[in-house]
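Visitor: In the working numbering, the protein residues as written are 1 to 187.
If you're looking for bench data, these hints aren't it; they were derived computationally from the structure. A few of these clues could be false.
To be verified - Straight-line alpha carbon distances no greater than 25 Å define the calculated DSS-like cross-link-like pairs of lysine-lysine that follow:
id : residue 1 : residue 2
1  : LYS137    : LYS80
2  : LYS137    : LYS64
3  : LYS145    : LYS133
4  : LYS80     : LYS54
5  : LYS133    : LYS80
6  : LYS145    : LYS54
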Amino acid sequence: GGESETSVLTTVNISTSNDPIDLYVSESGSDADEGTQDSPFATIQHAMDVGFEKSFTVIVHLLKGRFYGEGNVGLTIANKGTLQIIGEAYNETVIDGENSNWFMNVRTTNVNVENLKFINGQSSRTLITGDYKLNLKDCIIDSNKAQSYVMDGVLFEDLVYTNNDGSVYMSWYPNDSIVISNSYFAN
1 GGESETSVLT TVNISTSNDP IDLYVSESGS DADEGTQDSP FATIQHAMDV
51 GFEKSFTVIV HLLKGRFYGE GNVGLTIANK GTLQIIGEAY NETVIDGENS
101 NWFMNVRTTN VNVENLKFIN GQSSRTLITG DYKLNLKDCI IDSNKAQSYV
151 MDGVLFEDLV YTNNDGSVYM SWYPNDSIVI SNSYFAN
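Generate coordinates for the entire structure from the input sequences, incorporating the hints supplied.
Guide: Here you go:
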């Protein structure tokens, strides 16, 4: 018998918006919830995953509390659009590495982080790495241990960096910049 070959042409419609999507995370939330202020998610990772399925611009609001464990630390944020992670209250929205975890690795994504306190992070390498556009505004980085904090193309604005073991290493590529504004560094 003769063999026949069939070709099928398929069209896939992707409906991702440029309109920002706001999602909420609470230490008492659940990733089975809707991610609204009244029904928040439990983890930052889940909020990012859901948000980037719907939009290129995601705003994750962290309600007051302490965020730790899987889905809240050790976050790799890569090949996305624009992400904002905003703490509800200065010094009251805490990312806790529990003396065993790094915080975030940002790759080819614009990330703005505001009003967060990063504590008890620990890594034999880096705790916060940014190689694209990472902006830390009104953040506290306190009582962490790492070989280094590597930053490329970053903005530190109103940052407090205290009681940390490890060096801050900054480099930049042509067309990138590093800006440090109204920030405090002491160990």
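Visitor: Give a verdict on every hint.
Guide: Each hint, compared with the structure:
With a C-alpha separation of about 20 Å, the suggested pair LYS137 and LYS80 falls inside the 25 Å cut-off, and the hint holds. Between LYS137 and LYS64, the direct Cα distance comes to roughly 17 Å. Compliance with the 25 Å bound is thereby established for this hinted pair. Of the supplied pair hints, the one linking LYS145 and LYS133 holds, its CA atoms being roughly 23 Å apart against a limit of 25 Å. A distance of roughly 12 Å separates the Cα atoms of LYS80 and LYS54; the hinted pair therefore holds under the 25 Å criterion.
Between LYS133 and LYS80 the CA atoms are separated by roughly 12 Å; this keeps the pair inside 25 Å, and the hint holds. For a cut-off of 25 Å, the pair hint linking LYS145 to LYS54 is broken: about 36 Å separates their Cα positions.
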